[in-house]
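Put chain B on the given structure of chain A with help from the hints.
Residue numbers (this note's numbering), protein chains in the order written: chain A, 1 to 197; chain B, 1 to 174.
Hints in this document: simulated from the structure, not taken from any laboratory.
The beta-carbon is built from N, C-alpha and C at its ideal position, and this holds for glycine as well.
Some hints could be false.
[What the hints assert, rightly or not] With a Cα cut of at most 20 Å, we get these calculated SDA-like pairs of lysine to any residue: (1) K158/B x D59/A; (2) K138/B x A57/A; (3) K78/B x A125/B; (4) K158/B x S107/A; (5) K138/B x D98/A; (6) K138/B x S107/A; (7) K138/B x L32/A; (8) K138/B x T167/A; (9) K158/B x G136/B; (10) K158/B x V137/A; (11) K138/B x E100/A; (12) K138/B x S174/A; (13) K138/B x D96/A.
[Unchecked claim] Short, incomplete list of chain B residues facing chain A, as computed with Cβ under 10 Å: (14) G6; (15) E7; (16) I9; (17) M12; (18) T20; (19) G29; (20) L30; (21) C33; (22) N57; (23) G65; (24) K66; (25) G95; (26) N114; (27) T141.
[As the list claims (entries may be wrong)] Now the in silico label distances, taken between C-beta atoms and shown as ranges: (28) D11/A x V80/B: 30 to 36 Å; (29) L8/A x G83/B: 47 to 53 Å; (30) S99/A x P21/B: 47 to 53 Å.
One-letter residues, chain by chain:
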Amino acid sequence: MKTSYSDLQLDALRELANIGSGTAATALSSMLGRPIDVSVPAALALPLADAVDAVGAPDASVTAVILPIYGDLAAIVLLLFPPEDAAMLCGLLGVDADSEFGLSALSEIGNILGSAYVGALTTMTGLALEPRPPETVTDMLGAIVSSVLATGAEETDIALMLDSDLTVEGMECSLSFMLVPSRAGLSDVLARLGLDG
Amino acid sequence: MTGAAGETIVRMSELSVSSTPGHVLASIGLGSCIGLVLIETSRPLAGLAHIMLPSSNGDSDAPVGKFADRAVPALLEKMVSAGAVRTRLEAVLVGGAQMFSFGSSTNLDIGRRNEQATREAVARAGIEVRAAATGGGKGRTVRVCVGTGLVTVKEPGKAEVELFARAVAAGRPG
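Here chain B stands alone, though its shape is the one from the complex:
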């Protein structure tokens, strides 16, 4: 789905990759969900997955971005198909908040479990998490700009802030 000019909205359980310089990928209103950003550091290429739950438990019919254990390899594969070199990928994590307290004492703290599962899957893929805005009790919107590798986060009632920026080497396809 396309929002404002040059912005692709990545909705719950979806993932998207773009290689158009200046194009923005965004997930609006992450609560317990995780927005996983992957950035290719040698070319204009970025991906975003809007992950809802930690583990698929073998459910292979679900939308590919729904579970962390399937979303991370799927996003990685999509990045590689678009020309990414695995060793030049960096990750940024946003979300994983606990919006309500009623699940806090049980395994229902989905936000924390989502972050943990996503970090594990990213580590298994050999990708380093370079920045994160996770946990807490507030919703967040994440945007990543293809090419500049600029990742911003916005919380309700606050200004949009820069979380991460990766200067991408220009004009040198690796």
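The following block holds chain A by itself, in its conformation from the complex:
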């Protein structure tokens, strides 16, 4: 099934992502006690075949925290930590990235950031959104991103990803933060913003 998005709709989704990731950055900043820079989010609406490459090299190793969201908008929040950045973040929190504490620290960062992001979306749109507990996996970027996209690809041939980068100021340490909404839920969101059809 073909689906596409107008520039106006993509602008509105980018603004949603902007407010969500701004709130998440504030949460990360208070966790680490350091200022966080937030990139201007990208609203990517791409053919399925192009979607993974737009996120990164498919064979790159990443640690991902995945938060499924249920409620008025079924979606997945996906945080991607490249290995060096994951190690540095864990270092800032005083844990060893390769230990079980490292993974659970990343998982907790994912949980707090994801919840902050989702909370901001709820406030803005009035949608009832319920995040589920996060899962943390380390694998090939392509395997993670494609499997996330597959959960929502039944109804659409366009992969929609709202992508922001958070960077710890003054350090080579960043993480990529994505909201991957389901097509059906997204129609409701756009309708609430007066941007349906």
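Using the frame of chain A, we list chain B on its own:
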């Protein structure tokens, strides 16, 4: 899309066929997706489909490699157009992992459903599955070399391993 020398990357929802000896078809980072390899055993000819979901439910606009029920006949047809004899085709399946557990108790275990749907479609086409590296919880990269029929699989942090090799009879177009 062409990657390293002589390698065609088959991305999500795509399929590709090659009859150039030594050419490699690859799908990088299969998670719940299935990489379906078809090998012609009497000539240098191989195909690869990067299947994302089990059933098209009649959606005929979707990319042809997206759904198992459409991808398998489409790949078969492309192989036959390139000179394959149906009875000399063999299949290898890679992927269908469950990367996350949140779908495990529902029909969201897409990896398992993808494998099942692909096996059914391959069986309907009368093709035998000769080898498979499927299920589990890890991503995989699959490569097939045209001519040697060598299929390799790589999981993260592990060496590339040989999954299947089919010596193809040389110089005897059937």
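(request) Provide an ascending list of the numbers of those earlier hints which the structure does not satisfy. (result) The structure breaks hints 4, 7, 8, 12, 13, 14, 15, 18, 28; every other hint is satisfied.
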